[in-house]
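So the sequences go chain by chain: U and P. Here the first sequence is numbered in our numbering, starting from 1 and rising by one per residue. Here the second sequence is numbered in our numbering, starting from 1 and rising by one per residue.
One thing to keep in mind: the hints can contain errors.
Chain copies aren't distinguished; within one or between two, either way the pair holds.
Unchecked claim - With a Cα cut of at most 27 Å, we get these calculated DSS-like pairs of lysine-lysine:
#1 K230 - K257
#2 K131 - K378
#3 K337 - K31
#4 K322 - K232
#5 K230 - K113
#6 K139 - K349
#7 K446 - K37
Worth flagging that the hints you see were computed from the coordinates, not collected in a lab. Bear in mind that the values here come from a model prediction, so they are computed numbers and not experimental data.
Okay, here's what each chain looks like letter by letter:
There are 2 protein chains.
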Amino acid sequence: MWELFYPGGTLDCLVPMRRTVVAELEKIVGKERMSTKTADLYVYGFDASIHHVTPDAVVRPASAQEVSEIVKLANRTKTPIVPRGAGTAMCGHTVPVKGGIILDMTLMNKIRKISVEDLYCVVEPGVIYDKLNAELGKKGFWFPATPGSGEACTIGGMVATNASGMRAIKYGATRDYVLGLEVVLPTGEIIHTGTRTLKNSSGYQLDRLMVGSEGTLGVITEVTMRYTVKPKASGMTVAAFNSLKDAGQCVSNIIAKPLLPSAIELMDSVCIKAVNKCMNIGLPDCEALCMIEVDGHPLAVDEEMVTVEEICRQSGAVSTEKSRDKKRIDEWTFARKAIMPSLSRYGEKFVSVALADDMSVPISKIPEAVVAFQNIAKKHGVIIGTYGHSADGNLHTKMLVEPYSKESWRAGEKAVGEIYDVVLGLGGTVTGEHGVSITKAPYMKKERADSLGAMKAIKKALDPKNIMNPGKMFDWEGSILYELRYPAFQEDKCAPPCGPSQPCDGEQ
Amino acid sequence: MWELFYPGGTLDCLVPMRRTVVAELEKIVGKERMSTKTADLYVYGFDASIHHVTPDAVVRPASAQEVSEIVKLANRTKTPIVPRGAGTAMCGHTVPVKGGIILDMTLMNKIRKISVEDLYCVVEPGVIYDKLNAELGKKGFWFPATPGSGEACTIGGMVATNASGMRAIKYGATRDYVLGLEVVLPTGEIIHTGTRTLKNSSGYQLDRLMVGSEGTLGVITEVTMRYTVKPKASGMTVAAFNSLKDAGQCVSNIIAKPLLPSAIELMDSVCIKAVNKCMNIGLPDCEALCMIEVDGHPLAVDEEMVTVEEICRQSGAVSTEKSRDKKRIDEWTFARKAIMPSLSRYGEKFVSVALADDMSVPISKIPEAVVAFQNIAKKHGVIIGTYGHSADGNLHTKMLVEPYSKESWRAGEKAVGEIYDVVLGLGGTVTGEHGVSITKAPYMKKERADSLGAMKAIKKALDPKNIMNPGKMFDWEGSILYELRYPAFQEDKCAPPCGPSQPCDGEQ
Numbered sequence: 001m002w003e004l005f006y007p008g009g010t011l012d013c014l015v016p017m018r019r020t021v022v023a024e025l026e027k028i029v030g031k032e033r034m035s036t037k038t039a040d041l042y043v044y045g046f047d048a049s050i051h052h053v054t055p056d057a058v059v060r061p062a063s064a065q066e067v068s069e070i071v072k073l074a075n076r077t078k079t080p081i082v083p084r085g086a087g088t089a090m091c092g093h094t095v096p097v098k099g100g101i102i103l104d105m106t107l108m109n110k111i112r113k114i115s116v117e118d119l120y121c122v123v124e125p126g127v128i129y130d131k132l133n134a135e136l137g138k139k140g141f142w143f144p145a146t147p148g149s150g151e152a153c154t155i156g157g158m159v160a161t162n163a164s165g166m167r168a169i170k171y172g173a174t175r176d177y178v179l180g181l182e183v184v185l186p187t188g189e190i191i192h193t194g195t196r197t198l199k200n201s202s203g204y205q206l207d208r209l210m211v212g213s214e215g216t217l218g219v220i221t222e223v224t225m226r227y228t229v230k231p232k233a234s235g236m237t238v239a240a241f242n243s244l245k246d247a248g249q250c251v252s253n254i255i256a257k258p259l260l261p262s263a264i265e266l267m268d269s270v271c272i273k274a275v276n277k278c279m280n281i282g283l284p285d286c287e288a289l290c291m292i293e294v295d296g297h298p299l300a301v302d303e304e305m306v307t308v309e310e311i312c313r314q315s316g317a318v319s320t321e322k323s324r325d326k327k328r329i330d331e332w333t334f335a336r337k338a339i340m341p342s343l344s345r346y347g348e349k350f351v352s353v354a355l356a357d358d359m360s361v362p363i364s365k366i367p368e369a370v371v372a373f374q375n376i377a378k379k380h381g382v383i384i385g386t387y388g389h390s391a392d393g394n395l396h397t398k399m400l401v402e403p404y405s406k407e408s409w410r411a412g413e414k415a416v417g418e419i420y421d422v423v424l425g426l427g428g429t430v431t432g433e434h435g436v437s438i439t440k441a442p443y444m445k446k447e448r449a450d451s452l453g454a455m456k457a458i459k460k461a462l463d464p465k466n467i468m469n470p471g472k473m474f475d476w477e478g479s480i481l482y483e484l485r486y487p488a489f490q491e492d493k494c495a496p497p498c499g500p501s502q503p504c505d506g507e508q
Numbered sequence: 001m002w003e004l005f006y007p008g009g010t011l012d013c014l015v016p017m018r019r020t021v022v023a024e025l026e027k028i029v030g031k032e033r034m035s036t037k038t039a040d041l042y043v044y045g046f047d048a049s050i051h052h053v054t055p056d057a058v059v060r061p062a063s064a065q066e067v068s069e070i071v072k073l074a075n076r077t078k079t080p081i082v083p084r085g086a087g088t089a090m091c092g093h094t095v096p097v098k099g100g101i102i103l104d105m106t107l108m109n110k111i112r113k114i115s116v117e118d119l120y121c122v123v124e125p126g127v128i129y130d131k132l133n134a135e136l137g138k139k140g141f142w143f144p145a146t147p148g149s150g151e152a153c154t155i156g157g158m159v160a161t162n163a164s165g166m167r168a169i170k171y172g173a174t175r176d177y178v179l180g181l182e183v184v185l186p187t188g189e190i191i192h193t194g195t196r197t198l199k200n201s202s203g204y205q206l207d208r209l210m211v212g213s214e215g216t217l218g219v220i221t222e223v224t225m226r227y228t229v230k231p232k233a234s235g236m237t238v239a240a241f242n243s244l245k246d247a248g249q250c251v252s253n254i255i256a257k258p259l260l261p262s263a264i265e266l267m268d269s270v271c272i273k274a275v276n277k278c279m280n281i282g283l284p285d286c287e288a289l290c291m292i293e294v295d296g297h298p299l300a301v302d303e304e305m306v307t308v309e310e311i312c313r314q315s316g317a318v319s320t321e322k323s324r325d326k327k328r329i330d331e332w333t334f335a336r337k338a339i340m341p342s343l344s345r346y347g348e349k350f351v352s353v354a355l356a357d358d359m360s361v362p363i364s365k366i367p368e369a370v371v372a373f374q375n376i377a378k379k380h381g382v383i384i385g386t387y388g389h390s391a392d393g394n395l396h397t398k399m400l401v402e403p404y405s406k407e408s409w410r411a412g413e414k415a416v417g418e419i420y421d422v423v424l425g426l427g428g429t430v431t432g433e434h435g436v437s438i439t440k441a442p443y444m445k446k447e448r449a450d451s452l453g454a455m456k457a458i459k460k461a462l463d464p465k466n467i468m469n470p471g472k473m474f475d476w477e478g479s480i481l482y483e484l485r486y487p488a489f490q491e492d493k494c495a496p497p498c499g500p501s502q503p504c505d506g507e508q
């Protein structure tokens, strides 16, 4: 992507940011690792969310020291600064709503150390999840958080959002693997939190506070992580149900047995139909499908698969199939991964967008939640497919929206609000693994009403000038449809692409 | 213990705390659940540490609402307030160095909910670890943190110190099980952090910040926790080594295999001799002993025990014995648990004290650390026994001190400083599971030198009047031998028992 920078070109987009700031940035990283070219800035205004805002400059630091100098400059000049990994964020985390500097961390992509006998590794934030696991795998280990975007997403981004995936029920989320961090604070100071030991009780657990803080408290420049031993075997059982309620009850029955699966993936009928239509995979045509993965010692896996199949049948499954054959499991996994692209091809006029895409409810509330989502969709005339990591109560919906139609977006927005009301009413959370940023901000503020004050106090204590990823999370004011990357509201946008950045507090 | 309160007695220790504060406390909880009697206050000046300072009042709240009212009163009157669970803290966490109110949380001891199918439970902070596990065990689950004081310690205290134990290598520490908290902030506001779902990315992970904050950021009034499925079987291998280096290398070799034991306990020759002498257990007379526990499916356990024994022999073990028999395992476990009382009975003139008792180093550095500890002990003429959870690099030393001898304490203090220098030099931490408070404060400040500013900023943001457990951790100034519970420095003590409390900022 970097060729977009046209090195040597003129700085043709300098309306918003003072030339002196740009000149100083150039001094820190050199011309080759920064840009203010229109095309570059436009590209860096996107992530995987529905939003788009153009930054004023993009910088690619190569060391903590450089990050520190950039942050000091930003602090001195009150310039917003937004760290960015692979840009796979679903809620606008790397969209610079106040303009300023995008800090592209992907050049810091080295695995610095894998200390096999100490069960920890040290990586730079730009290391890609799958690449780390490929290295760990050579030694029989893995970091099992399993985010859906594992092929692309970076460890730094995973830490910033507390990312996880379908295996959280057994293996936890990113927060459970971080042992220590090197962080550049908003002042530019470089601090080291946590340890290289498997546990510590030595002062405030600042590393755990940084996890999930979405770039608002500092820039992560190094991550020390534990990992675990890769299971020797795994197996999958696919069970078809004629009612969502039965499928949900099945998930609860497995856990209450007690039996700890490594994952249970759920698909509703909208998803099943979409996958069968677009991918010709031939999933059972039913109301709900559960894919139950167990892993561990081969003999334990065999035994648990028999138990799982039994529970599925007792819970009302109309058909079951189980396998330890890698090829068969890969087919099922492909079908599950095909949901997103299939929903995107549902109809020519629709795009599938990340709206209300990541709520989590207590496991036993899943059927109630999914049925409610379907009813809300009907009421507002929108199409919603629901799937997710049901073993940990994490549901993803994809909403199909007509991108040129204001009405379609508004209907979606209304549905989203009602969906989150249901989720919060069931004791759930508005985001299980994607984070808040813009798209979930109004609902997070509802969920966390009584602790927003504490969050703001911490933010103010560590970032008094509000330069780090400003205007997000608790600081977000406005609609979730703000600065859409789609054309529906183009004429209403208050800032043109590459428009003037808003200084944090009225002064720059 | 509560009978000590002599209900109905006069308030005879009211020199330090204003009568109006006491009268208001009485209004909140009633006379029966508070005391300012000398005997009560004296007792509540202790925990399991070497320190003793008498509080001005003890209160036993029964609800978050009462805690909130007490904290509001403390905030208004700038009265120090120290939450306390079972008082098993090793470093003075519940010793009120600035006087004020002890908040005894043990009346809040209900398990409010165990939601089997949702894999979470909700407990009050005074619930005892073993009692929670007894309840979870009935359903096939457990919270495997395994603190040494599990029979007595409370969940609230475990959260406050990020407690853990010998099984952290496989199962993590308390921080990895907390899903959400109800916390009374230093302002008296009641907030709810985290969720009842297995994962969330919804705003700052304040629950994880509260874990390990040692009562300095608020009072925990409810804990929502995940747990896991109890393993079906476990087995133990005991291996004797003629060199500490071989024993340490064995631990690393097991992990690098890769094989994830549920625990590896290490004992050095001082501990082995003490246990054999005092308990007549007949452990192999050697330089170092490893007790390696594996758990899981019975067949996997059998296989792994064979592998473990093989690795032990390859690593230089002079004898090994393995068993899945509960009786035999219990004998070994008893021997391990006998270390502390055995060291305490080492010689009549000694007491075994918690000084440098809980450092953690990267696993492969254990032999180097233990040999260095032995050399430091020799140099200063003190006796140190080292044992610990070697699978996660966590070492406990017990130092034998002559309680009436200033010289003995001073020698111990010097040894402690040198031990921590070694630990930090090896990339370790001064506390793996006990916390900081007083006894580890100077060394934590060395370890965390570059992040103390951030910790202080957070503390100030959430507790601007510094009423919550003041004067601890980063705020501790002075020697680790301050306010000893032992008579050596009695005449030097700057405050008599039940002496005047120091207001937090010169005003009360």
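Report the numbers of all earlier hints that the structure fails to satisfy, in ascending order. As far as the earlier hints go, 2, 3, 6 and 7 are violated by this structure, in ascending order.
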